[in-house]
Structures are given as structure tokens and as C-alpha cells.
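Chemist: Using the hints provided, position chain Y relative to the given structure of chain D.
Here the protein sequences come in this chain order: D and Y.
The first sequence begins at 2 in the working numbering and counts up one residue at a time.
The second sequence begins at 2 in the working numbering and counts up one residue at a time.
Keep in mind that the hints were calculated from the coordinates and are not lab data.
Quantities reported herein were computed from a predicted structural model and do not represent experimental measurements.
Treat the hints with care, as some may be off.
Treat identical chains as interchangeable: a pair holds within one or across any two.
[What the hints assert, rightly or not] Derived EDC-like pairs (lysine to aspartate or glutamate); straight-line CA-CA distance at most 20 Å:
{"hint": "1", "residue 1": "506", "residue 2": "30"}
{"hint": "2", "residue 1": "435", "residue 2": "505"}
{"hint": "3", "residue 1": "316", "residue 2": "401"}
{"hint": "4", "residue 1": "209", "residue 2": "332"}
{"hint": "5", "residue 1": "316", "residue 2": "402"}
{"hint": "6", "residue 1": "506", "residue 2": "175"}
{"hint": "7", "residue 1": "408", "residue 2": "280"}
{"hint": "8", "residue 1": "408", "residue 2": "313"}
{"hint": "9", "residue 1": "209", "residue 2": "444"}
{"hint": "10", "residue 1": "315", "residue 2": "402"}
{"hint": "11", "residue 1": "315", "residue 2": "401"}
{"hint": "12", "residue 1": "181", "residue 2": "56"}
{"hint": "13", "residue 1": "100", "residue 2": "179"}
{"hint": "14", "residue 1": "408", "residue 2": "281"}
{"hint": "15", "residue 1": "130", "residue 2": "77"}
{"hint": "16", "residue 1": "325", "residue 2": "309"}
{"hint": "17", "residue 1": "405", "residue 2": "352"}
{"hint": "18", "residue 1": "316", "residue 2": "400"}
{"hint": "19", "residue 1": "405", "residue 2": "311"}
{"hint": "20", "residue 1": "443", "residue 2": "28"}
{"hint": "21", "residue 1": "129", "residue 2": "400"}
{"hint": "22", "residue 1": "146", "residue 2": "282"}
{"hint": "23", "residue 1": "129", "residue 2": "505"}
{"hint": "24", "residue 1": "447", "residue 2": "298"}
2 protein chains.
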Amino acid sequence: MKKIPLFIFFNLFIKVTLTAQINTPIDLDAVTDAHFLNGIQILNELISIPNDSNDPAQLVPNIEWCEDNLENRGWDVKRLETKSFPLLFAEKSVPNAEKTVLFYFHIDGQPVDKKRWNQPDPFQPTLKKRNETGQWETIPMELLKTDYDPNWRIFARSSSDDKGPFAMFLTAWDAMIERKLMPNYNVKVILDFEEEIGSPNLGDAVSKYKDVLAADMMLIMDGPRHLSNEPTLTFGARGISQITLTVFGPRAAQHSGHYGNYAPNPAFRLSKLLASMKDEEGRVIIPGFYDGINLTDKEKEILSRVPDDENEIKKNLGIGSTDKVGNTYQESLQYPSLNIRGMSSGWIGDEVRTIVPADAIAEIDIRLVPESDPERLFGLIRNHISNQGFHILDHNPTDEERVKYPKLIKWEGSISYQAFRTPFDSEPGIWLNKAFVRAFGKEPIKNRISGGSLPIAPFVDALNVPAVTVVTVNSDNNQHGPNENIRLGNFKEGIKTALAILTEKL
Amino acid sequence: MKKIPLFIFFNLFIKVTLTAQINTPIDLDAVTDAHFLNGIQILNELISIPNDSNDPAQLVPNIEWCEDNLENRGWDVKRLETKSFPLLFAEKSVPNAEKTVLFYFHIDGQPVDKKRWNQPDPFQPTLKKRNETGQWETIPMELLKTDYDPNWRIFARSSSDDKGPFAMFLTAWDAMIERKLMPNYNVKVILDFEEEIGSPNLGDAVSKYKDVLAADMMLIMDGPRHLSNEPTLTFGARGISQITLTVFGPRAAQHSGHYGNYAPNPAFRLSKLLASMKDEEGRVIIPGFYDGINLTDKEKEILSRVPDDENEIKKNLGIGSTDKVGNTYQESLQYPSLNIRGMSSGWIGDEVRTIVPADAIAEIDIRLVPESDPERLFGLIRNHISNQGFHILDHNPTDEERVKYPKLIKWEGSISYQAFRTPFDSEPGIWLNKAFVRAFGKEPIKNRISGGSLPIAPFVDALNVPAVTVVTVNSDNNQHGPNENIRLGNFKEGIKTALAILTEKL
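If we strip away everything but chain D, and leave its shape as in the complex, we get (with noise of 0.2 Å):
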């Protein structure tokens, strides 16, 4: 069922049940630093077993080596069963523990292209330097043994996306139990072998399995660091929705000699639609889109923390001036978008012909903040359609409303994930905080809310439970590429932050 690991290193598998609680500090960088090749090993076993969530049968020894892995450990493991692919829970109880923390992690991974990869086989970890050149090279991985340099990188699918962060978490474990540790609450594990297809089965399982999730905090165990890569918590995810919007002009595609200026262009009336949300900075116009949200001095404050280069951002991005939604890139996310991640009308370039187009359409992105509920948003722009005089369909139109109403739009609707956000002052803020603070001297950076969506903000509504998320890789992995990696550096620190939240007295 597995793969052979490239080296094998002596194999610590503590097996004790321990009850002691967590009662004298521990210096965490000794341990982790005891435990880094325990740690290398488990992620080099992990990542060799490719894990393409579109493919069950690839899945189905990852699922095997995690029940394994956890069992060994003395975890109480179980199957959860979806309408897909299982669930994997575990849970380890505490005597007297008051408390109950559950983690999430995801072991499956984007399907790769091997021909664009640097390496014969994106399931074999490769550990790779810069060279002189700014080229990555490979080098052997029984270097690890004698040297080390924490810009080194092992590079392999879900490296870093995300079976690096559970491959730091059972090496952290393991530490603290040879320490004779445990943490002062339960700790609950849920694992998902579906995130990469968007976690279908998540909420729907919180219902099923409502006692066995239950849990005072939720701490998500994905993501990278904020771009200068220190340390980084995430308090939230904005949600999303989004619409298709259909304009409609003539039924067929017409001669633009014979009807232009004639038959209303469907393309003009989409951009004056279009046009009439947003103003010259990008900000919504429509009454009522930002309602609720006021950010306050303290809040900015806080945002402003956020060490954003945005000169570097811009220069990256390749823009001369940025929407002004809010003062800062970290304000602009707390703030509901209205993006147009799409328009096509007729045909461009080469496919080009001289026509009035039938059709005009816009894809449109809202993402959603914990103030913005979506169906009021939705309410908000119909009215607004309405109000520019549009007929709104849910259907392509007939021929009797063709004629009868001047402007036909159609609408399509439709929201993927709501918005989610913890305060910073709540209770697994205030604890994370002190667990970063004992592990890197500082407090780590807080995003308030992360710009993209989560698969899993279902499930954290569902289960309704504060949840942050502890990111740890380095941001450059490339995810869901080639030659997704793991920074050496980010993979320590990465067990130093499981090591401190676990002993963190709760």
C-alpha cells in the first residue's frame, strides 16, 4: 500500500498513552529541531502516495496510510461516510480535559501535469537548491542527515497543499508524547479527501455527524503565510457567489450593415448595464452594497499591521492604480466584490464577422463578507437591473416577450459558500496568540479575513464553532501547479507552531 520512502531514518514510534497534562514550558526549538527528520520522513512517506481527488482509487491508500498513522499513535480513528468518498475522523481524549479542539486538514491534491514538472515523478520527493543562476537543483536527500538550510525545498504534490501542515502536526505530536506531554483539551481530526473538488460532502456531513465534530474552536490547518513569510493566522474567508447575466438583442446574429443601428446591441446594453454598478474606482454604486460594514479606527488599525509592500503588489500585479474600495489592500478585503470574471458577446480575433450579436453575457464574482448576506446583495442588483429598465428572465426568452419588452436580461444565480470570520479578541484569538507569541518571541501576523473563498465555510457554518486558520507554508509553493514545494524553513517552523499549540494551556 505504500510507497518505500527515499531514505529510511531510524523510526520513532512512541507508542504510550500518556495523561499527563502540560505542566513545565518545553523549549520548543530544541524539540522540533530533535524532530525534523521524523518529521522529513513522514512527509516524504505521505507525499509519495499521489492523491488526484478526481481518482477514488488514488485516495483509497491515502485514507489507509492516515487510519494507520493515527492508530499507531493510539488515536480512537473512524470513517465518516459521505455520498462520495469517506470522511476520516479521529479523536483523542484527555482525562479532565474541559476543552475540545478540532483540526482540519486535507490530504488530497489538484491533479498533476508530470511534463511540466522539473522532476520524473511529482510523487517522488525531490529535495531541490538554488544554484548560482536562480535554477533549482537537485541534491540528495541523505544530505538532510548532515546538513541543513532552511531554503532548501522538497518538492512533490501537496508538499505544501496539504500534506506538509499534517505531516508537522503527527511529527509535533509525536515530540510532545516523547516529551510524556499532552495538551490540556480533547483534540479532534477531521480529514478531507475531497478539498481540491471543492469539499461537496462537508456541510451535509456536520448534520450526520454533529456530536462526533462537536468542538469548542476549530483550527483549519492550510494555507500559506502572508507574502513576507512570517508567521500568520487567518481569522476568516470571504465567501462567494455569483450570477450570469444574459442581455439579449436580436434572435439570431445579424448583418451589421443591414441592422446596425437598428437592432439594440446586446454588448452595448450589457457595458451600460455593466457601467451603471461600479464607478470610476471600482467602487459599487448600487444603494445599500456595503451596508453593515464600518470599519473602525481600531480595526484599520489592526489591518494596517498587515506588513503589505503595496508598491511591490502593484509592480507584481503589472497595474498603475488599484480600485479604491478600500484605503489599503487589506481593507479593500473586507468589503464585498463585484468582479467580472468573464463577458463574451460575438466573436473577437480571428474568429471576427461583422454582426450585431444575439447575446451578450457576464460572469460575475461576489465575494462575500460575514455583512453581506447574499440573498440581500442578489435583492440589491435585481432592483438595480430593474431600475435600468430590464425585463428579468429566468429563461431565454419567447418570441411573445421579445416583442413585448423592450430590454430582456437574464438572471442566474447561484452562492457557493458563505462568508466566515472570528474576532481577534475571541477565545482561540486570544490563545493562538499566546502560543505564537511562545513560539517566535512576536505576535503573528493577523489577516482579519483571507480574500479567497474556503471549501469549507459550510462546514464551519454548519458546525458553528469559531475557527481560524494557522497557515505555515511558505507562499511561493506553487499549489495546484508544477512544482508545487515546501520551504525547509517553513516545514520547522511549521512543527514548531503544532508543538506550541498543542502544549498551549487552554
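Modeler: For chain Y alone, kept in the frame of chain D given last:
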């Protein structure tokens, strides 16, 4: 070289040289009736020869057929060499004639997709009648020897566009010669074998063959009658120019969660720009765009005589309102158009992805009238774009330009054809009107300008002679598509039209 016609009539080639001028009226209907079957034979011979303009090998038998058929009639024929396929020129000098009329036809056709034709071969002329259920049903071509219905049709590529009109012309010529008549003007014919690929060499040919082609007027024998199928003359054609606008966002598409609300969205910016160009009723609001166009009450009155049923047009197009550039459909054609023929940004439908697109493209075509010099319009539009805050490039932006200019757009403009328009009361206008009144007992429908553009426009411009388009075929002839056809009534009236023109004193 020639395909065998479906059936062989008595072949009426009268090789005589006449110098007689027209001096007696002839019974146009009787003469046309007498020559109708001769016309069908000429038509069927010619449309049996495949003629895809993209395939010079197919064009060779066509030009040879035309040479033979003009030489057999005693014309002076020569090929005018061009950079690709030659034009064919033929001349018939008439002693003592003071004027010269140049007739234009094209012999090439659009490509055929045989699978989509309801007959085995688009180059096998097929006679059909409409049965009780409205379907076209093949009937034997031989039936024409004894029977005739104006609503029967012959189906084949180029039956209407444009071999049909050339067959009408040759038939009328034969009929006239049989009656020992001649025009009172010199006749020149120019045959184009590249019209369907935009007549790329026609404009240049004028400078090379200016003396050969010299004439007092030109009759373009191509195109369908008004929808009412009443006799029609068209006095010009709108020109066409085009612009591709590319608005730039971030250098590469960006995750809409990470950069929505921050990286400016090029689709919104393009929408705002396009929206600023026109009002709600489709009128261009860029100052000066319609300068020089002042339809007089008299011109409006003449335009109003075109028997358009606008409710029927709207119903056919499936539109509940029209743009208000003009008060009527005919008036709308008297103005330049500004049409979005294509628009694209990001991805739509199954390919949609949650990104801020890297760019947004609009393909615009501008139909031109004689008052609207395309260079002047380009200047007005560029000025308008600058006034919206855009920096206009003729290339994709460099990294420096991206950072320097907040709003970037690329402009790619080109002019295909200028417009031309001949006054109703010009010499050809008055003369043709007389011929039509003689043939049909009433004035023809007069289109001041056609909405569409003609590849012949540069030729007309360069020759600098008044040009009128003599249209004869049914408007529902499916030109360019599968099942192209010509209605027998139109073919017969086309012969009569040509005969009336050839025998009308100039």
C-alpha cells in the same frame, strides 16, 4: 471544360454584328418570355461549374466559360492580370455611341458545405417547388419546357449570387440581338472572380487599367431586391472600418478573491468606456460623429417611399425596441454606425474561473456614409477615449507603461472600404428610372444607400464614375449559405430588367 447541362435546349447563339441603334420600342414581356428557356440553359450551364473563390483551380473553368460565351457573342475579351486571379474584361463598341456603361458581375462563390444542402450536389442545378407542408420538393427540370410557375426555384451555389444576374444579362443580350437591336452606348463588362474573398485586387486594377475601364457610369449587377420583392435600385453602399480595443488589467489573470476590489477589472473599464460612447437609444454621443448629415424633408420623403413594414422587421428580428439613430429603418442607414461586433474578457460558461481578467477586448465595426470620413471618425473616437483617462497604445504595454499609466488601452484601427452614394437625380439615376418604368409600369423602390458594404467600393472610388446597384434576385435566396436559390419569377424579371436597360436610350 464545361459540365454537361441537365438538359439541352435548342441553342440560340446568333453571331451577327449589328450597328443598328434602338429606334423602335419592343415588347419587353414577349421578348423575355421567348428567351426564358435560353436563359435557364445559360444559367444551368454556368452554375454547374464549381466556383469557390478560395480555389483558383475551380475558377479556371469559370473564366474560360465566360471568355467563350462573350467571344461567341462577338465581344472583345481580355484578361486583366492582377496579383492573384485575373479579372475578365469584355467590350462591345457601338459606332457613333457617345456614352459608355460599365457592367460589373462576379462569377466566384462562397465555399459550400455539401452536408447541409438538401440535394446531392450544390453544383447540380435542381428545380424545386414548395409542397403543401411548405417543404421544397424536387421536380424535373424538363418540366420547364411545358410549364412555368414564378414561385418555383432553381437551387445551386451562385444561382443568385452572382451567376444568375450574369445569365440574365447574356440572355437579354441574345434577345436584343435577335431583334436586331443594339444599345445606343458602348458596353463594357468587368467580371470579378474574387468578390467573395473581398475583391482584394479590384482597387489596384483601376490604376493599372484606368483607360480600359473608363466609362460614364457603372452598373453593379449584384444583390437582392427589397424584402417586398418589388423592382429595386440601390444608389450606394455604406463603407466599413473597424477598431479592436484592448483594455488592460493585471499582467496576468489574478485570483478574484485575492485581488477583487483591488486590481482594476478591465471588463468594467471597457464597459464604462463603451457605455460612454452611446446613449440609451443607441445614438453615438461622441461630439461630431454625425456631422455633415442633414437629411432634408425631401430626402426623408423619398426614404419613406421604401415600403418597409417595421413591425414585421422587428418581429422577424425578435426585438421589442429599436435604436433611434434615425426615425425609421431607412433613415438609420443614412448614418454611420458604431457597432460592437464582438467582446471578450476572461472566460464564460463551462470554462468560467474566478479571476480578475488580464484584459478585455471589444471588436467594433463602423459602417460609413459619404459624409463620415473614417479618419475623422477615428480621430473623434481616439479623442473621446483619451478624455476618459486612457493612455492609448499601439502595442501591448511594457512593464514601465503598466506602472506609469493608470488606464491603458490598445488601439488597432483599419479602414476596409469607403462609402459611395450616387444621387437619385444623377444621369444613371434618371436613365435607369426610365428603363424600370418602361419594364414594370412604375418607379422602382430606391434605396439611397445599402446598409452593408461592398468590396467594389474602392473600385468605384478609383474610377470616379457614378455607380448604381441593379438588384434583381429574391431576398430569401440564402446567399452564402446552404440551399442558395433563385426564384424563377425573379430570374425572368431580371432578364426583362437587363433587356430594358440595354434598350434604353442614353
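Chemist: Give a verdict on every hint.
Modeler: Status of the hints after comparison with the structure:
1. With identical chains, the CA atoms of residue 506 and residue 30 are at most 20 Å apart within one copy only, with a shortest distance of 18 Å there and 108 Å across copies.
2. Proximity of residue 435 and residue 505 under a CA criterion of 20 Å is satisfied intra-copy only: 8 Å inside one chain copy versus 103 Å between copies.
3. In this homomeric assembly, residue 316 and residue 401 come within 20 Å of each other (Cα to Cα) only across copies, at 9 Å, whereas the closest approach inside a single copy is 52 Å.
4. Taking identical chains as interchangeable, the C-alpha atoms of residue 209 and residue 332 are never at most 20 Å apart, the minima being 38 Å within one chain and 68 Å between chains.
5. Within a single copy, residue 316 and residue 402 get their C-alpha atoms only as close as 49 Å, which misses the 20 Å cut-off; across copies the closest is 11 Å, which meets it.
6. When the C-alpha separation of residue 506 and residue 175 is checked against a cutoff of 20 Å, the pair qualifies only within one copy, where the shortest distance is 18 Å, while the shortest distance between copies is 109 Å.
7. In the homo-oligomer, the alpha carbons of residue 408 and residue 280 lie at most 20 Å apart only across protomers (14 Å), although the nearest pairing inside one protomer, at 23 Å, exceeds that limit.
8. Taking identical chains as interchangeable, the C-alpha atoms of residue 408 and residue 313 lie at most 20 Å apart only when they sit on different chains, with a minimum of 19 Å there against 44 Å within one chain.
9. With identical chains, the CA atoms of residue 209 and residue 444 are never at most 20 Å apart, being 38 Å at best within one copy and 83 Å at best between copies.
10. Taking the closest pair of Cα atoms, residue 315 and residue 402 come within 20 Å of each other only across two copies (13 Å); inside a single copy the shortest separation is 47 Å, beyond that limit.
11. In this assembly of identical chains, the alpha carbons of residue 315 and residue 401 lie at most 20 Å apart only when taken from different copies (12 Å versus 50 Å within one copy).
12. Taking the shortest alpha-carbon separations for residue 181 and residue 56, neither the intra-copy value of 40 Å nor the inter-copy value of 86 Å comes in at or below 20 Å.
13. Taking the shortest alpha-carbon separations for residue 100 and residue 179, neither the intra-copy value of 23 Å nor the inter-copy value of 111 Å comes in at or below 20 Å.
14. Taking the shortest alpha-carbon separations for residue 408 and residue 281, only the inter-copy value of 11 Å comes in at or below 20 Å, while the best intra-copy value is 25 Å.
15. In this assembly of identical chains, the alpha carbons of residue 130 and residue 77 never lie at most 20 Å apart, being 40 Å within a copy and 82 Å across copies at closest.
16. Taking the shortest Cα distances, residue 325 and residue 309 sit within 20 Å of each other inside one copy (16 Å), while across copies they are farther apart (51 Å).
17. Taking identical chains as interchangeable, the C-alpha atoms of residue 405 and residue 352 are never at most 20 Å apart, the minima being 33 Å within one chain and 33 Å between chains.
18. Within a single copy, residue 316 and residue 400 get their C-alpha atoms only as close as 51 Å, which misses the 20 Å cut-off; across copies the closest is 8 Å, which meets it.
19. Proximity of residue 405 to residue 311 under the C-alpha cut-off of 20 Å is restricted to the inter-copy arrangement: shortest distance 15 Å between copies versus 51 Å within a copy.
20. For the identical chains of this complex, residue 443 and residue 28 are intra-copy neighbours only, at 16 Å inside a copy versus 107 Å across copies, given an alpha-carbon limit of 20 Å.
21. With identical chains, the CA atoms of residue 129 and residue 400 are never at most 20 Å apart, being 64 Å at best within one copy and 30 Å at best between copies.
22. Taking the shortest Cα distances, residue 146 and residue 282 never come within 20 Å of each other, neither inside one copy (55 Å) nor across copies (75 Å).
23. Taking CA atoms no more than 20 Å apart as the test, residue 129 paired with residue 505 passes in neither setting, with 34 Å inside one copy and 90 Å between copies.
24. For a Cα distance limit of 20 Å, the shortest separation of residue 447 from residue 298 inside one copy, 16 Å, qualifies, whereas the shortest one across copies, 73 Å, does not.
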